[in-house]
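**Q** Letter by letter, the chains look like this.
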Amino acid sequence: GNSVTQMEGPVTLSEEAFLTINCTYTATGYPSLFWYVQYPGEGLQLLLKATKADDKGSNKGFEATYRKETTSFHLEKGSVQVSDSAVYFCALRKGGGSNYKLTFGKGTLLTVNP
Amino acid sequence: GAVVSQHPSRVICKSGTSVKIECRSLDFQATTMFWYRQFPKKSLMLMATSNEGSKATYEQGVEKDKFLINHASLTLSTLTVTSAHPEDSSFYICSAPPGTASTDTQYFGPGTRLTVL
Chain A
34 GNSVTQMEGP
44 VTLSEEAFLT
54 INCTYTATGY
64 PSLFWYVQYP
74 GEGLQLLLKA
84 TKADDKGSNK
94 GFEATYRKET
104 TSFHLEKGSV
114 QVSDSAVYFC
124 ALRKGGGSNY
134 KLTFGKGTLL
144 TVNP
Chain B
-8 GAVVSQHPSR
2 VICKSGTSVK
12 IECRSLDFQA
22 TTMFWYRQFP
32 KKSLMLMATS
42 NEGSKATYEQ
52 GVEKDKFLIN
62 HASLTLSTLT
72 VTSAHPEDSS
82 FYICSAPPGT
92 ASTDTQYFGP
102 GTRLTVL
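Protein sequences, first through last, are from chains A and B.
Number 131 in our numbering belongs to position 98 of the first sequence; there are no gaps in the numbering.
Number 84 in our numbering belongs to position 93 of the second sequence; there are no gaps in the numbering.
What the hints contain is simulated information worked out from the structure, not anything from laboratory work.
Glycine residues also receive a C-beta, built at the ideal position from the N, C-alpha and C atoms.
Be a bit skeptical, because a hint or two may be false.
Cβ-Cβ distance ranges computed for the label pairs, FRET-style [said to hold, decoys possible]: (1) B/D56 / A/A50: 44 to 52 Å; (2) B/I3 / A/D88: 41 to 49 Å; (3) B/S74 / A/Q114: 27 to 35 Å; (4) B/K33 / A/P73: 16 to 24 Å.
As a list, the in silico EDC-like pairs of lysine to aspartate or glutamate whose alpha-carbon atoms are at most 20 Å apart [said to hold, decoys possible]: (5) B/K33 / A/E41; (6) A/K134 / B/E50; (7) B/K33 / B/E50; (8) B/K5 / B/E43; (9) A/K85 / A/E96; (10) B/K46 / B/E78; (11) A/K127 / B/E78; (12) B/K33 / B/E78; (13) B/K55 / B/E13; (14) B/K32 / A/E41; (15) A/K139 / B/D56; (16) A/K139 / A/E41; (17) A/K134 / B/E54; (18) B/K33 / A/D87; (19) B/K55 / B/D18; (20) A/K134 / B/E43; (21) A/K139 / B/E50; (22) A/K101 / A/D87; (23) B/K32 / A/E75; (24) B/K57 / B/D79; (25) B/K32 / B/E13; (26) A/K127 / A/D88.
Some residues of chain A that are not near chain B, with every Cβ distance over 10 Å (derived) [stated by the list, open to error]: (27) T53; (28) T61; (29) Y63; (30) A86; (31) K89; (32) K93; (33) F95; (34) K101; (35) S116; (36) K127; (37) L135.
Given only the sequences and the hints, what does the whole structure look like? Please build it.
**A** Quick look at the structure:
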């Protein structure tokens, strides 16, 4: 079946540090890949996505590239801010049309200190 | 952006009682809603797909008689945990894709923390 593995947290960084959160997946065919973010007390929000190999999703300074050869979708940001402190979830969606079902990783808690 | 609310945000109940959790789409209509469960340090696990006007579709291994889902209107889905036991303690999250948005768009509720004593 489909699965998503992301690096265990928590991750603690100082402001302006470089961030990488690793994510690998297992799925047949060509899933769509997502990063969701959950700020304290809020629901999950879509951060970025990529729908085919070599696509790069980007938003708010975050980037992730769909690498089919390594089945990876690592999240990166060059300079994190305190406001980036949140839980980050990697996810995949297999299937098209109205199939919205998502398979999530366990989530990685990021804390950014001033 | 679109907002999905859940109520209550936190509930504590005694073993053997039933608990109802509401999921509402506040500014859009949702013919489909999803219910997830999250254990500590575990992934969000899809429990069921709630369909307005028809029966919910449950994922393998989820007891439909234990987790009753009702999608009575285009803005409300409810999850009732019947005869709750301590092992049902978890974080329950709903999500909804707006009917007119792209298939990649889903809006998530903030979650409900259930503790069964």
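**Q** Which of the numbered hints are not met once you compare them with the structure shown?
**A** Violated: hints 3, 8, 10, 11, 15, 18, 19, 25, 37.
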